[in-house]
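Student: Sequence:
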Amino acid sequence: MVQEESIRKGPWTEQEDFQLVCFVGLFGDRRWDFIAKVSGLKRNGKSCRLRWVNYLHPGLKRGKMSPQEERLVLDLHSKWGNRWSKIARKLPGRTDNEIKNFWRTHVRKLAQEKKKAAVHHVVVSPSSSSTVDSVPTIDIGEESFYDTGGDWSCYMGEEDEKGYSYSMDDIWRDIDDQSVVKAVCDEKLSCGPVASPAPWEYGEYSPPWKVAEEKFGI
DNA sequence: AACCGCCTCAACCGCAGAAGC
DNA sequence: AGCTTCTGCGGTTGAGGCGGT
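Heads up, the final residue of the first sequence is numbered 218 in full-length UniProt numbering, and it's a clean run with no missing numbers.
Calculated directly from the structure, the hints in this document are not laboratory data. Each hint should be verified, as a subset may be incorrect.
To be verified - Under the rule of at most 16 Å between Cα atoms (straight-line distance), these lysine to aspartate or glutamate pairs were calculated in the EDC-like manner: (1) LYS46 / GLU16; (2) LYS86 / ASP96; (3) LYS42 / GLU16; (4) LYS100 / GLU70; (5) LYS86 / ASP75; (6) LYS46 / ASP29; (7) LYS42 / GLU14; (8) LYS37 / ASP17; (9) LYS61 / ASP96; (10) LYS37 / GLU16; (11) LYS100 / ASP75; (12) LYS64 / ASP96; (13) LYS64 / GLU14; (14) LYS46 / ASP17; (15) LYS61 / ASP33; (16) LYS86 / GLU98; (17) LYS109 / GLU70; (18) LYS42 / ASP17; (19) LYS46 / ASP33.
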């Protein structure tokens, strides 16, 4: 096979982001290999998808997780284990990557606390048999997990094991009920027609050109 | 002010399953 | 039915930022 000439790796530039947003606007957020090729980005489809899903997707929440979100993650993780994408579907605007990162941080913190506690116990009461687990259980020591319990039922729905009742599209709709702004990208890039209808065409969440407008000020 | 260690987050990799031919 | 390609997921890594000493 002929190897792709110089596939770019590493951090994305604003220009690349802009290009990606525009082409997702044109072709939808499905055909990543195709988008990677036609956009002229020297990235592979996987990389494009990841960038879109984790950073450019409209409706993504930025910043720290709220205590409610943190609790939900912990709760769902105790149910489903490392099914990050499944857990992410229950947290509007959060990505599996974000949740995964949060969990890692949380686990590390917990392990450290346990270690400290274990040392303390050994010093204070040598009879203690505490050990340091790499995988923590959900009943975190300091405070009850359910102590405040914000109302997340609206997102959690009634389903349990069969699947989720609240799709990402529903979530985006909740987050974003802005009107569709006409394509900035259309002016900047002269490409063919959109191959297939994209969700934003139904006003379900911000279209990519809106994202471009917000992120790049165009 | 400089150094060090920790934390966060973006991005890559490998694998598995789905879809297309 | 079998092969190839694509997509999505989970695990891992590394750069940069930040706080403490």
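Student: Each hint: holds or not?
Tutor: Comparing the hints with the structure gives:
no. : hint           : in the structure
1   : LYS46 / GLU16  : holds (14 Å)
2   : LYS86 / ASP96  : holds (8 Å)
3   : LYS42 / GLU16  : holds (9 Å)
4   : LYS100 / GLU70 : holds (12 Å)
5   : LYS86 / ASP75  : holds (13 Å)
6   : LYS46 / ASP29  : holds (12 Å)
7   : LYS42 / GLU14  : holds (14 Å)
8   : LYS37 / ASP17  : holds (15 Å)
9   : LYS61 / ASP96  : holds (12 Å)
10  : LYS37 / GLU16  : holds (13 Å)
11  : LYS100 / ASP75 : holds (14 Å)
12  : LYS64 / ASP96  : holds (14 Å)
13  : LYS64 / GLU14  : violated (23 Å)
14  : LYS46 / ASP17  : holds (14 Å)
15  : LYS61 / ASP33  : violated (26 Å)
16  : LYS86 / GLU98  : holds (13 Å)
17  : LYS109 / GLU70 : holds (14 Å)
18  : LYS42 / ASP17  : holds (12 Å)
19  : LYS46 / ASP33  : holds (7 Å)
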